[in-house]
Structures are given as C-alpha cells and as structure tokens.
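Peer 1: These protein sequence lines map, in sequence, to chains A and B. With this note's numbering as the guide, the letters of the first sequence map in order to residues 1 to 336. With this note's numbering as the guide, the letters of the second sequence map in order to residues 1 to 339.
FYI, nobody ran anything at the bench for these hints, they're computed from the structure. Possibly wrong hints are sitting among the right ones.
[To be verified] From the derived model, a few chain A residues whose C-beta atoms are all more than 10 Å from chain B:
id : residue
1  : Ala58
2  : Leu76
3  : Asp138
4  : Leu183
[Stated by the list, open to error] Label-pair restraints from in silico Cβ distances:
id : chain 1 : residue 1 : chain 2 : residue 2 : range
5  : B       : Leu282    : A       : Asp129    : 28 to 36 Å
6  : B       : Ala307    : A       : Ala58     : 55 to 63 Å
7  : A       : Glu111    : B       : Pro305    : 46 to 54 Å
8  : A       : Asp129    : B       : Thr240    : 48 to 56 Å
9  : B       : Glu145    : A       : Arg60     : 40 to 48 Å
[Stated by the list, open to error] Here are some chain A residues pointing at chain B (derived, C-beta under 8 Å):
id : residue
10 : Thr44
11 : Tyr116
12 : Thr118
13 : Ser120
14 : Glu149
15 : Gln187
16 : Leu189
17 : Asn190
18 : Glu193
19 : Leu195
20 : Lys214
21 : Gln215
22 : Gly234
23 : Glu240
24 : Leu249
25 : Thr256
Beta carbons are placed, not taken as given, at the ideal position from N, Cα and C, and that holds for glycine.
Below, each chain spelled out in residue letters.
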Amino acid sequence: MTEALLSVRDLVHEFRTNTGVVHAVSGVSFDVRPGETLGIVGETGSGKSTLARSVLQAPRPTSGEVTFRGTDLTTLRGARLLAARRHLQMVFQDPFGSLDPKWAVRDLVEEPLIAYKTGSKNERRERVDEVLELVGLDPASHGRRRPRELSGGQAQRVAIARAIALNPALIICDEAVSSLDVLIQAQVLNLFERLRAELGLSYLFIAHDLALVKQVSDRVAVMYLGRLCEAGPGDSVYTEPLHPYTRALLDSVPSTDNPTKRAPATISGEPPSPVDPPSGCRFRTRCPRAQEVCAAEQPPMRELAAGHTVACHFPLASQSAARTTARSDKKIGETP
Amino acid sequence: MTEPLLQVEDLRVAFPDRGRELHAVDGVSYCVYAGQTLAVVGESGSGKTVSSRAVMGLLPPAAVITGSARFQGIQLIGLTDDQLRAHRGADVAMVFQDPSRSLNPTMRIGSQIAEAVRAHQRVAKSQAGQRAVELLRLVRMPLPERRCTEYPHQLSGGMRQRVMIAIALACRPKLLIADEATTALDVTTQAQIMELLLELQAELGMALMLISHDLGLAASYADEVIVMYAGRIVEQAPATRLFSQVRMPYTQALLEAIPRLERPAHSPLPVVGGRPPDLSALPAGCSFAPRCRHAAADCRASEPPLAEHEPGHRWACWHPVGRGGSRGMGRPGQEGSAA
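Construct the complete structure from the given sequences, taking the supplied hints into account.
Peer 2: Listed below in structure tokens is the structure:
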C-alpha cells in the first residue's frame, strides 16, 4: 500500500484557561493517503477544529507527531515550516472572515503566490486566471470584485482558489460548506470532488454533518471529546457502526427518505466538559452499554473488520466484525 | 374542517432599499391548525422568516406589510405594538436560532423566566420564581432549582435553548414558532429538543410552526410542509406526501442537492446553476424559471398560481414533475445538470 501523505500520531493539544486545562485533543492518530479524502465527524466541542489547526502547527500541538510528506512538522521552525506548509492548505467555514474585504479577488488569490515568491509577475497573473477558472469564476468579471460584491458561494470559491494556487497536496476543510445554502453547497461539494480528480488532491474534510462527510469521504473517523472513537471505510462506518456513539449520531439525523422516522433520542445528556473529561472511555457517561471497566480503562483502538477500527470495550455487533476472529491493537489507517 | 388557529392571506412584505422595493414576501397564504406541526422550509432570502415575523409584528418599522393574518379570527396586521403585545407570548410565542443572543448574560436564568411570566400575568415575585422552576421542569431540564440560580454562560447551547423554550411556554401559547431553533445545535441535541417540542405540543395542545432550511428536519417532524422560494410559496403538502410525490422542480432540486446518508460516496450531486432572483426585480412569470431545467416559454410569460392540484397538495408550477404514471420523483442523479 502507498505511503501516507499525512500521518498523525498521538496528537495531544491542551489549552490552559482560568478554569483549568482544556483537553481539546487527547491522543489522536490517523493517516491520509495520497488522493484520499479522510472525513472527520464530530459535534461541537469534540476538538475537531483544534485538530485541524494542530495539524497545520497553528498553534503547535502540545505533543505528538504530524508527519507530512515524510517530514515531522512539529520539529520544524520558521522558514522550513513555512516551506513544508506550502503544500498543506486550509479552507475555513466563513469565507468572508478569511478574505480581506479591501482586496480585489485577483489580489487575494495572488497573495499566497507572492508570499511564497512564486514565478514572475506575468506567471503569477496567468496562475491566478488559471485557478479562478478552475473554481468556476470568471477572471475578467469576478477578478476585480471585492469580497462584499460576492455571494457566499462565490466567496468560498475564492477561498478555495487561494488554497489551490500553490498546488498543494492536501487541503484541510473545516466546515468549509456548512454556512452555504443547499443548492450552492452542492455546487461547492462537486467542485471539491472535481479538483480532487483533476489535481490529484487529498482532503482532510472536517464537519459536524454526517451526510456531508459521507458524500466526499473515502474513510471516515468519528471524534468525541478529544478522541477518535471509530474509523474506517465510509460505507462500513455508516452501515455497520461499531461504536455506540456513532450509532447514536446516525440515529439522530433527520432524513427526507423516511419521513415517518422520528429520530429517537438514543443518548441523553450533553457532552461533559473537556476541562474535566471522564476517566476511561470518554463517552461512558452517556453510553447505554457502559460497564465498570469503561470507567477504569481507556479502550484501545482495535481493528474489528477490514480497515475498520473502534475504541470501545463493548462494540456493537457487526456481521463483518463477527467474521474477523483475529483482534489486533492497531492504529487507524496503519497498514497491515 | 375545524377553524384555523392562524389564517394568513395574501401576506406581502416590502422593504425600501436605496430607492427600490425589496419584495421579501410576495403574496403568501396558509393556515395553521391547533395541534398541527407546520414546517416552512426555504433557503436564505426565501421569505420564510420575514413572513412569520410580519405576523408577530417583529419587523422594523420601515417594512410595508399588507394582507391579512387572523389569529382566532382577530386581525393582527395593522395592530399597534401595544395591541400586539397582548397576543405575543400569550397566543403566539417564538424561539429563535441563537439562544445566547436572546438571553440577558447578566441575569440569572430563574429571574429571566420569572420576568417573562410577570410580563403577562399578575403574580407575586415568589410565585413567578416558583413558576420558573416548574417551567424548567416542563422542558426536562435536569436540576431545575439549581439552574435557576445560574447565568446563561454556565449552560450549554442545548440547555440555553431549553430555557428559551421555557420562556416561550411561560404563558401557554397556542402557537409556538420555532425559527431555526435547532440549527445551531448538534444532531444529538437537536433530536432531544425536537422530541421535547413534540412532547410539549401533545401535552399542551399547541400548534407548532417550524421554520427551517433543513428539509430532513421538516420531513421527520412536521405534519405539513410549505416550501418557499423568492418570497412565494411554491409547494405545500403533507410531509409524507411531499417527499415521495414532489411536484415543483424547485423542491425536487432541493431534495436532490442534499447530501444524504443513503447516497453512495462521491456520487455527483445534481446541481442547479444560478442564484435566487433579485427580490427588487423579480422576473415575470415563475421566479424559479431562470434556473429550472423544465422551464418553457409559458413559465417566463406568466406566474403559475399556487393551487390545489391534487387532494391536499398545492403547487405553483406550469410543468410539475413526477406526474403521468411514473412513480414519484425521478431517481436523484439521473438528470444531473452541469455545475
């Protein structure tokens, strides 16, 4: 199997606040392979946005390794980190928040090229035209506009154009389409897919919407209170979830396919504070299957079906899991 | 048929905007019945929020409102703010998207609920405080006595929304309007709040109006669904019918564009080009025609009326989809148009 493009190991990110230490990310490991989209699903406070920034080293994680194209970013400083990050870009939720309102679209897209001293003025101009066309904007008419003269969908396209201008290998999308209306969201999702095929991009696609993540992802990881609880191929995670939390999430999604289905509130209560997370399994305080051992021991990630891992002492029965007799303690995405 | 609780007829709302008129709501008629859950769905700018705020008298003074909105026979449009205050809260209450902006950050939860109680009922302070605890218990808030002594920032988003619902229920309204009330919440919390709203609706016999951009939410929780586009109602049907026998191409486009759990990964989403029309210069004919793949000359010439074409199913379209023998809507993805 091919080498991972991005390999994250035991990533920990903690913040000191007045009320104590926030355990935002507590030992997360995963791989993103070239050309692959890894989706990360999590609710508010799961630490998914902190995870995204941590990978970019902005700010730096408390501990752990972030190996991107063979180099551990956590060991790099200054110009060398900047150079490594050139191939690792990010698209945020609010396009207007990430675009300087005083700049014209052309200048916004050219900025990363200037920052990385790429090409001559003419070459940069050509590149700006090229990427604007790639994201479906007209360089002539949209290029001169300011962000406020754009719709939300157009502004997000500009943010994507900025991200792809430097020919990155991996784009981290943090709720990148969550604020868009349905019809525009579909256009931008299709754009992400097209760019992936045309430019051979990989994505780390982070969102709270399960259906959205499924749409674009090859593999999906589910995050709860700073830890991954399950990861695997999208199809198996969604159709045969192994973790009770994933099951609860899936049951909570209202659907147009089955209008009579009333989402049963399968779990009660709300996530505990990341300042004082529960011992053992962090989901145990809301889990219908929790036993004593769940408070005593943190369940290790283990592979129960092909490429499908779960961190649970009492995983849900699954057909493919039942077939797998050998249980091994594997990290997500680790190749056998 | 029983009398409607709220009957809205030909409601129009226009905002002056730099010498032009923005037609945010353009001739909307619907009824809400006691005990019913009605969902109004649409994208940003469809007029779903403006139409409900017009009924409640919650629009800025510059808004020009015409038409009729009768609550139990009483005309609400044209009433002064003072006259409306008698209906707000007691007859119709609203819950909004962002509870942290609706709550006073410097006031304890209990006092805020008690204030809402005393705004409409002559009760002693201590009694209102007692009522606050009861209301928090009604919205299934754990440890209601303790929560009363806390401030909004000490509560999670889901708990703050429960407080907003408690305040909305303080005067036992006959109609509760939830305007994107669960949009900012996580799915698991959303499921809890929606279950709560339906339970309370059954307990109190309220009508519930869900205003949302989320068709899945409407499908799962509403009895009746209204779809709005560019200030007009374009389709209305019982939830079970609308999603299996969609007629209006706009509703169909919305349904197809939503990523859904049942759809295989990486399948291209059928998309509609263009953007909603400028509300100050609506096109002649159907507002969706410029983006519609079924549009013909008649669609651009005259506006299709919203009429009941099949029992209980209204739509405004000259060329409805899915009629004539074939079952339901076309399979999503088959008629995918270019991005």
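Peer 1: Tell me, which hint numbers fail for this structure?
Peer 2: 4, 11, 12, 13, 14, 19, 23
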